[in-house]
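Asker: Here the protein sequences line up with chains D and H, keeping their order. First residue of the first sequence: 1, per my numbering; consecutive thereafter. First residue of the second sequence: 1, per my numbering; consecutive thereafter.
No lab work stands behind these hints, which were simulated from the structure alone. Backbone N, C-alpha and C fix where the C-beta goes; we use that ideal spot for every residue, glycine too. Please note that the accuracy of each hint is not assured.
Claimed, not checked - Which stretches of chain D does chain H cover? Using the computed rule of at least three CB atoms under 8 Å from a CB of chain H, they are: (1) 104–117; (2) 239–245.
As the list claims (entries may be wrong) - Straight line, CA to CA, 20 Å or less: simulated DMTMM-like cross-link-like pairs of lysine to aspartate or glutamate: (3) D:K259 with H:D101; (4) H:K51 with H:D334; (5) H:K259 with D:D145; (6) H:K411 with D:E43; (7) H:K261 with D:E63; (8) H:K47 with H:D101; (9) H:K410 with D:E152; (10) H:K47 with H:E62; (11) H:K48 with H:D396; (12) H:K267 with D:D145; (13) H:K411 with D:E63; (14) H:K60 with H:D319; (15) H:K343 with H:D361; (16) H:K410 with D:E63; (17) H:K256 with H:E268; (18) H:K51 with H:D396; (19) H:K410 with D:D237; (20) H:K186 with H:D163; (21) H:K435 with D:D58; (22) H:K413 with D:D145; (23) H:K76 with D:D145; (24) D:K259 with H:E158; (25) H:K232 with D:E152; (26) D:K259 with H:D396; (27) D:K259 with H:D392; (28) H:K232 with D:D243; (29) H:K410 with D:D58; (30) H:K215 with H:D392.
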Amino acid sequence: MKNLNRYGYFFIAPFWLVFLVFSIYPVALTFYYSFTNYTGSGEAQLVGLANYKRLLTDTYFVEAFFNTWKIWGVNFALQMGLALILAMIFSDMRVKLKGIAFFRAIFYLPNLITISSVALLFGILLDWQHGSLNMMLMKLGIISDPINWLNEPTSAQLSISLILTWMWFGHSFIVVMAGVSGISKDYYEAALIDGANRWQTFSKITIPLLKPILLYIMITSLIGGLQLFDLPMLLTDGIGSPDGSLNTMVLYLYNQAFKYNNYGYAAAVAYGLFVITLIFSAFIFKGMYGKERKQPRQV
Amino acid sequence: MKRKLSIFLVAILLVGLFAGCSSDSKTSGNGKKDVDLRIWSFTDELKKPIKTFEEKNGVKVELTIVPIADYPTKLKPVLESGVGAPDVFTGEIAFLKQWVDAGYWENLSEKPYNADELSDKYVPYVFDLGKDKDGDVRALSWQTTPGGIYYKRSIAKEVLGTDDPTQVGEMMGSMDKVFEVAEKMKSKGYSMFPDEGAIRWFTQGDNPQPWVNDKNELQLTEEKMEYMDYSKKLRDNQYTALAPEWSPSWFEGMDKPIKVKEGGKEKETQVFSYVLPTWGLHSVLKTNVKESVGDWAVTSGPSPYFWGGTWLGVYNKSDNKELAYKFVKMMTQDDEFLTSWSKETGDVLSYLPVTDSIKDDFSDKFLGGQNNYQFFLDQSTKITPGIVTKYDQQLDTLYGNAVQQYVTGKKSKKEAINEFYQKAQNAYPDIKVPKK
Chain D
1 MKNLNRYGYF FIAPFWLVFL VFSIYPVALT FYYSFTNYTG SGEAQLVGLA NYKRLLTDTY
61 FVEAFFNTWK IWGVNFALQM GLALILAMIF SDMRVKLKGI AFFRAIFYLP NLITISSVAL
121 LFGILLDWQH GSLNMMLMKL GIISDPINWL NEPTSAQLSI SLILTWMWFG HSFIVVMAGV
181 SGISKDYYEA ALIDGANRWQ TFSKITIPLL KPILLYIMIT SLIGGLQLFD LPMLLTDGIG
241 SPDGSLNTMV LYLYNQAFKY NNYGYAAAVA YGLFVITLIF SAFIFKGMYG KERKQPRQV
Chain H
1 MKRKLSIFLV AILLVGLFAG CSSDSKTSGN GKKDVDLRIW SFTDELKKPI KTFEEKNGVK
61 VELTIVPIAD YPTKLKPVLE SGVGAPDVFT GEIAFLKQWV DAGYWENLSE KPYNADELSD
121 KYVPYVFDLG KDKDGDVRAL SWQTTPGGIY YKRSIAKEVL GTDDPTQVGE MMGSMDKVFE
181 VAEKMKSKGY SMFPDEGAIR WFTQGDNPQP WVNDKNELQL TEEKMEYMDY SKKLRDNQYT
241 ALAPEWSPSW FEGMDKPIKV KEGGKEKETQ VFSYVLPTWG LHSVLKTNVK ESVGDWAVTS
301 GPSPYFWGGT WLGVYNKSDN KELAYKFVKM MTQDDEFLTS WSKETGDVLS YLPVTDSIKD
361 DFSDKFLGGQ NNYQFFLDQS TKITPGIVTK YDQQLDTLYG NAVQQYVTGK KSKKEAINEF
421 YQKAQNAYPD IKVPKK
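Okay, chain H solo, but in the shape it has when bound (with noise of 0.2 Å):
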């Protein structure tokens, strides 16, 4: 009786450890219908679609949402073992290189899928973006990303004189004409930018290279050097109005005039613009904005450029490709829900035949009527595509670094770029840095 009494207590301690181990949802009945298609993702914006779906083909779908910052790490494991994996899951623009060679993405230039047939039918960049090292289609995406630069009407009227886009946007052709613009800002107490990091993504230039060639070489190119003394001229000619991007007065400046310190005195200063790309209208300014709605216009900057976006794929040891591809094709290509979706979400689509239909007749309020959907269009077209390499987002951040001790006057531009090559070496150790 003792004996199978404890038989019977180490049974239970042995089923209640491995209790929390079967995840397979297959075996855990809980009455409901199994769920038809698993999609992860870092962001809420899928639910929408995966309601339209699941009404559309009576299926069920699970959405799983994963903080950006854990997204990486936690996906790995379970696309590695196979066990608990999406059917579908989506990828940032600051991981898609790493994710669409990792070989987890259904290779879609394969049949039945022949992706590459759409190849003409998206914004150049973002379906290159989707491609593997081998040139084959892993990933797509629905939106495009391109930037400009915001600014306020009220203020271009009584400096510039105008406050029409394409007249602001010739203003501001290149980085020196910025800087005259910069210069009559502060002749009337304003400020041209926030701060030195939004001129960032002009660095480019005309000359527009990948961080690492395929020689796996660091490119550090002439414009983006040049980028450092950009910096420290907005800086040291007070130009910014010295709120970092989303500190609490960043945000603060964009409806009110902000108070600055420098040399002692405090100074009350208005933010003229902010560099950011399509869905800082939606996300960053409209949400944070409330009594200049209407006072602010898109333009373009020195150069076109993009910032982030949501590319998907099919995860290649899923059970159900064919529906999840369905799903990435609805996403993607169906041109009734990309309508819908476009007008209601204000989201730039990278998918031409319905751009082309529904860019004429765009105007945002808050733009004081602008069609801005035309404009980013135009500038989606300007990216050069292939310049994105999985290194960028750690390059940038290892590179912003150094620029920041260059304006903060702690290193001399060559003691930062030194520093940045170091760094960057140390990082990845397998990339040939120039030596100096």
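Next up, chain D with everything else stripped away, as it sits in the complex (with noise of 0.2 Å):
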């Protein structure tokens, strides 16, 4: 009966199969090659740390890294707090709107959309000579010349930054319904009863006990965030104008192993971008769990 244990490995060898084949091999692979030369065919040959320092002193992938940030930034900043006020006005007991599974299908569906659509889409509204959006201005009267928006380096990253939040805000939204609904009703009946309002509700109740989900929103955006590739590559030229605005990082990295076929530093380059990632995710962890864990000796 004893060996029988062993069967157990025979069933977990398949997962294990695919994931060494399909996301192990290539990791390794990913890290030898960013010691090499490597340009897409031939042979490669090891050049020791050369695509890391070149990294570290490469001012386009700075200026990468900012943009990604910039870009992220202020999506996340617009789109949590649109997730957030629309939570507090759904879960208020006061008001008690009706419809929110109506009005939770209609802030997803963006989310729903293939970013090539979106972009499409957006390619088309923002065009300069005949896009939606500047004839609505003009009309308006709030411009009288039209804007290029995808032409002016705040502009453009402006836009996608705000494509981004119409497309997450819904989801975010949904994330932070599920965790107000996990937050017992006996807290707000409480502060009903003690005469809070609903600003204090929202700052004193709701914020704290949604503390793990809004972790968890904030660490799953960022990292989709700091992946930011698409929209950019879609909507401009796919080499980041104007003027380098929309260069993110992972776009740089498309672009130096897929066009200019320098395969062995891009491996550097999704190094460096996973060195990144793992940083700033610790550093929020930290930031929002590290003081909690003092607390159960002050009590």
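Using the supplied hints, reconstruct the complex from the two chains, each of which is provided in its own coordinate frame.
Answerer: Structure below.
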């Protein structure tokens, strides 16, 4: 009977085989390539740490880093703000809004559209000469000349941020609502009886109890945000125009690998990106949970 | 019993896991005859020739079409490993240079192909592009893709007094002359070009140089730098309709007047001309123009140029090289096939024995009966071979970007050029970039 136990290993073998072949092997191979000058064909030669040295002094990578943060940051602030406000309205016991399921679906819809369709849609909306947005603004007399949205660094970045917000606030809203429904009604009833106003209820009960949920959203959004690639790639010429303002880290990686054939360097960029993601995730985690651990001692 | 059952279950799981991995068609017997030849391409233009080839030779050919954006990344691994690889594959001009040097294509200069003997039967630049860095032929092409300026005859008659292609071509024989015409167009309310990017093909002028020379130095020639000024002049003097290539308004401008907003005012303007190569006629103009059919003509610009093109060759690890080359031969050297192909599609061929016999009696209704075939052949022989490098596609994009920065007034000419140098160096660390 004893040796029957090993059959368990056979059962988990398929997963491990797939995991090794399709996850571990490419990750390890990328690591190896990051020390070579591989160009996509022919032999790869080891070049030591040259790629990493180049990465640390690469102004374009630094630019890409800050661009990615700017675009993600603005998007995240707006997205969370919107999601929280909506959650506050929909969970308010005094208002008791109806049709929450309907709104949830509507808000979530943009998230279901493929990125290429989104890019096409906004490409047309934001078009300089014939886009609906400029037409509308000009009809309303807000602007006299059409604005070339995707041709100015700031407006281009802001456009991407807003599109991302539009796409993702519904998702965050649903997750926040799920968190809110997990909070016991007793707290809110007690607050109601004690005469707390909406803001107090929200900031003293909802937010603190939502912390784990907010942390989850923040980290997943950060990881997704740092990998921002498709929108900047599709909305302009694919190399980060205008003036390099849409050059995000993954776009930079993509261009280095598949356009300029610097596979070795692109592999190093990938590992740089991995380290950055790791550091910031740890940072957020520490920031949100670091204080809490101390609390029990105070009690 | 239990034990046997679990071994059985595990076996099923493992079989299921690896089922997707066996792609060798010889083992996957679906009753049909095995495929004799596999061909990969990025367009469907080979569909008809393959049918002809199948009927002629009694073989079965499988065509795999991969969209151009994924083509190199999908093709590379199969060529590298040889698993599921095609016997014949095509290459587009954008990555042709990399591929002829990568060594995946069979050396056609060797026996039994002896492709070098064909050299004087082809348009020189086309034949030259299929050679690797050692001068061996790796790929051949059946077409040539020189470009010209397509213009509207009615506007030419009204503004320039003639719609004859030769005369109009002479009026645009240099960049200065182009601006003279542009000024005349503007005074009558027309736009010379859809946008300033249209003239990028003429930037080589009469001094064509490769982007990167054999000493690995980046060369931004005087002529290419002047392109910045020309573009700015086009924009500043409002000679264009501000409709970037491939944008909706760019297409719209082919058939009817388009609206342009500048300085708060809206004006309506008709675009006089489009700078496009051979294929621009069939796959761009003809598919988008409805009303002005017959009102078009094509003529030469300040300098000859070419844009695009498809080459094909034999995979060097193919098991069926003989048949593979037979297909290449049909596509590039078969008198009978090429004659009918050219008449059917209007494709301008690079194989001179056939073009010589058919060029005289070509005429296109769309171009008001003009013999565009003769025109393009003349243009194609004027193109300098040896100026294409593997860097072209990316450097063109980066430079185009720098030009935009200057044209829209965001950067001075010097700043824009410096930024171009920096970006070129970043993309290709091994090339030598001029110190500012």
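Asker: Going through the numbered hints above, which ones does this structure break? Give me the numbers in ascending order.
Answerer: 1, 6, 7, 8, 11, 18, 22, 23, 24, 29
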